[in-house]
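S.K.: Please build the complex by placing chain B on the supplied structure of chain A, with the hints as guidance.
This is what each chain is made of:
Protein chains: 2
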Amino acid sequence: MQVFENGVVEHVKLLQAANDEHGGVIVEMEEPMAPQVFATVLRASMLHWKHQGKRGVWIKLPINLVNLVETAVKEGFWYHHAEPNYLMLVYWIPETANTIPANASHRVGVGAIVLNDRRELLVVREKSGRFQAIGLWKIPTGIVDEGEDIIKAAMREVKEETAIDTEFLEILAFRQSHKSFFGKSSLFFLCMLCPLSFDIQKQELEIEAAQWMPFAEYAAQPFVQKTQLFKYTTELCLAKIDKGYTGFSPHPTTSIFSNKNGYLYLNSQDFNQSSCDV
Amino acid sequence: MQVFENGVVEHVKLLQAANDEHGGVIVEMEEPMAPQVFATVLRASMLHWKHQGKRGVWIKLPINLVNLVETAVKEGFWYHHAEPNYLMLVYWIPETANTIPANASHRVGVGAIVLNDRRELLVVREKSGRFQAIGLWKIPTGIVDEGEDIIKAAMREVKEETAIDTEFLEILAFRQSHKSFFGKSSLFFLCMLCPLSFDIQKQELEIEAAQWMPFAEYAAQPFVQKTQLFKYTTELCLAKIDKGYTGFSPHPTTSIFSNKNGYLYLNSQDFNQSSCDV
Chain A
573 MQVFENGVVE
583 HVKLLQAAND
593 EHGGVIVEME
603 EPMAPQVFAT
613 VLRASMLHWK
623 HQGKRGVWIK
633 LPINLVNLVE
643 TAVKEGFWYH
653 HAEPNYLMLV
663 YWIPETANTI
673 PANASHRVGV
683 GAIVLNDRRE
693 LLVVREKSGR
703 FQAIGLWKIP
713 TGIVDEGEDI
723 IKAAMREVKE
733 ETAIDTEFLE
743 ILAFRQSHKS
753 FFGKSSLFFL
763 CMLCPLSFDI
773 QKQELEIEAA
783 QWMPFAEYAA
793 QPFVQKTQLF
803 KYTTELCLAK
813 IDKGYTGFSP
823 HPTTSIFSNK
833 NGYLYLNSQD
843 FNQSSCDV
Chain B
573 MQVFENGVVE
583 HVKLLQAAND
593 EHGGVIVEME
603 EPMAPQVFAT
613 VLRASMLHWK
623 HQGKRGVWIK
633 LPINLVNLVE
643 TAVKEGFWYH
653 HAEPNYLMLV
663 YWIPETANTI
673 PANASHRVGV
683 GAIVLNDRRE
693 LLVVREKSGR
703 FQAIGLWKIP
713 TGIVDEGEDI
723 IKAAMREVKE
733 ETAIDTEFLE
743 ILAFRQSHKS
753 FFGKSSLFFL
763 CMLCPLSFDI
773 QKQELEIEAA
783 QWMPFAEYAA
793 QPFVQKTQLF
803 KYTTELCLAK
813 IDKGYTGFSP
823 HPTTSIFSNK
833 NGYLYLNSQD
843 FNQSSCDV
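Going line by line, the protein sequences match chains A and B. Position one of the first sequence corresponds to residue 573 (the working numbering), numbered consecutively onward. Position one of the second sequence corresponds to residue 573 (the working numbering), numbered consecutively onward.
Here chain A stands alone, though its shape is the one from the complex:
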């Protein structure tokens, strides 16, 4: 039973909602519903949550319920984020400034430096894109998937592009940049890996050619020599193999409030020395 603001008492079904950890509720719509029915039920539910003192209200609409999006927006909801198969809408009930967390802001990429013991670098030529146009031999690179460890992404990209198995060693450096894609920012991790196999089989779809190239030959490419970020890569690589440069290496960790795992990346050499001294 619902008591409306105008005093009318009516039996209206409410939307099924789960409480979130921040005093709000989340509705995951699954069953089809006519927009008019949705409007009525949503209004009744909003009154109910308001009386309960709820804060943020989240509505997750799978793409097959696209006919309900307009209704939610007309009721004051706005977009929070979207993935190919759903749209998340949100509303803030209190009169105070909303504390709704921002959407994901960064894309994460990896580049993989794989050197064999003959001082040859694993390099590829791409079939399309900006580097293809200049015929650049470059290290394997790719995007870290949502939910994927940086370590795994680096090993996966090398495996996909060249069929080489690797062991992850270190992150030599990383770069943050902005406006990389629809206004989003980007983080690119330059990783060093050790090869565990040596026979290259290039991937057909994206890779034109792949080879073990003498490091000096890679570094002598004009584009590598004149481009700041590529020069850094070359210098970091030389610093690592010849001068004992130390990057950040992964330590498995457990989350503070859950048993979810992750990796903490730090300067293990300095850290272990420090711990041993204590």
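By construction, these hints were calculated from the structure, which means they are not laboratory data. Warning: the hint list may mix true and false statements.
Chain copies aren't distinguished; within one or between two, either way the pair holds.
Heads up, simulated DSS-like pairs for lysine-lysine below, C-alpha to C-alpha not over 27 angstroms straight-line [as the list claims (entries may be wrong)]:
| # | residue 1 | residue 2 |
| --- | --- | --- |
| 1 | Lys751 | Lys724 |
| 2 | Lys798 | Lys699 |
| 3 | Lys832 | Lys798 |
| 4 | Lys724 | Lys710 |
| 5 | Lys646 | Lys632 |
| 6 | Lys803 | Lys774 |
| 7 | Lys803 | Lys724 |
| 8 | Lys632 | Lys622 |
| 9 | Lys832 | Lys803 |
M.R.: The following block gives chain B in isolation, referenced to the frame of chain A:
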């Protein structure tokens, strides 16, 4: 003029589109349009782009044109991403597997270690959340905004929460974790900053209290002692101040293909030593 597949010749307005860099087009809808009209114009435009050999088709719909979302989805478009004020839809014309780039996958956070020369740590007590419940004195933390440098975010959070001015020194470590928020992954950067001012003024909205706390007292809090990630923070901090631990420090860089700036973070001590030796 449009020639349709059934041979009918008709005058239909096409959607205004700009070419993207990957053989696709992007439509930024601005003017209101009836859904039926949009359906007709969209179909004609799709045929046109197909004949032109276009690949990805992007449609950006501001939230006030929410009445067109259902039409786009019915024509085969799906969601790519959304921000509070717009929804981006996408369609892939070729029969080959789509190479549409993934949406942003990570949220980025910072924690700021600010120590004064009396070995006191700048700490805060939050007004809500998990740490409030246990009365924890913690370092200032926050989310890096889209388009914001990690360096700036760390200094901004300290300034907002405590009014202390700082200079950025180093990233001591960072952690990647998953499923932090609606399935998104997270990167948290532990930063070390040097205080440039000392009079604390706490922020009213989120901060219950702020103070300079003797480091040993901070580290002795039971939660800090028994929680793996907090112990790492304490140990990294001690390694830094007493044992010469080196993290990653920022080097301004310019993008490869544009004049956009960013920062490359690396072990400057090892890197500079290496460069000097050459």
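S.K.: All hints are to be evaluated individually against the structure, with a verdict given for each.
M.R.: Hint check results:
1. Taking CA atoms no more than 27 angstroms apart as the test, Lys751 paired with Lys724 passes in both settings, with 26 angstroms inside one copy and 16 angstroms between copies.
2. In this assembly of identical chains, Lys798 and Lys699 lie within 27 angstroms of each other by CA distance solely inside one copy; the values are 23 angstroms within and 51 angstroms between copies.
3. In the homo-oligomer, the alpha carbons of Lys832 and Lys798 lie at most 27 angstroms apart only across protomers (17 angstroms), although the nearest pairing inside one protomer, at 43 angstroms, exceeds that limit.
4. In the homo-oligomer, the alpha carbons of Lys724 and Lys710 lie at most 27 angstroms apart inside one protomer (20 angstroms), although the nearest pairing across protomers, at 32 angstroms, exceeds that limit.
5. When the C-alpha separation of Lys646 and Lys632 is checked against a cutoff of 27 angstroms, the pair qualifies both within a copy, at 16 angstroms, and between copies, at 19 angstroms.
6. Within a single copy, Lys803 and Lys774 get their C-alpha atoms as close as 26 angstroms, which meets the 27 angstroms cut-off; across copies the closest is 44 angstroms, which misses it.
7. Taking CA atoms no more than 27 angstroms apart as the test, Lys803 paired with Lys724 passes in both settings, with 26 angstroms inside one copy and 26 angstroms between copies.
8. In the homo-oligomer, the alpha carbons of Lys632 and Lys622 lie at most 27 angstroms apart inside one protomer (19 angstroms), although the nearest pairing across protomers, at 33 angstroms, exceeds that limit.
9. Taking CA atoms no more than 27 angstroms apart as the test, Lys832 paired with Lys803 passes between copies only; the shortest distance there is 17 angstroms, against 38 angstroms inside one copy.
When each numbered hint is compared with the structure, no violation occurs for any of them.
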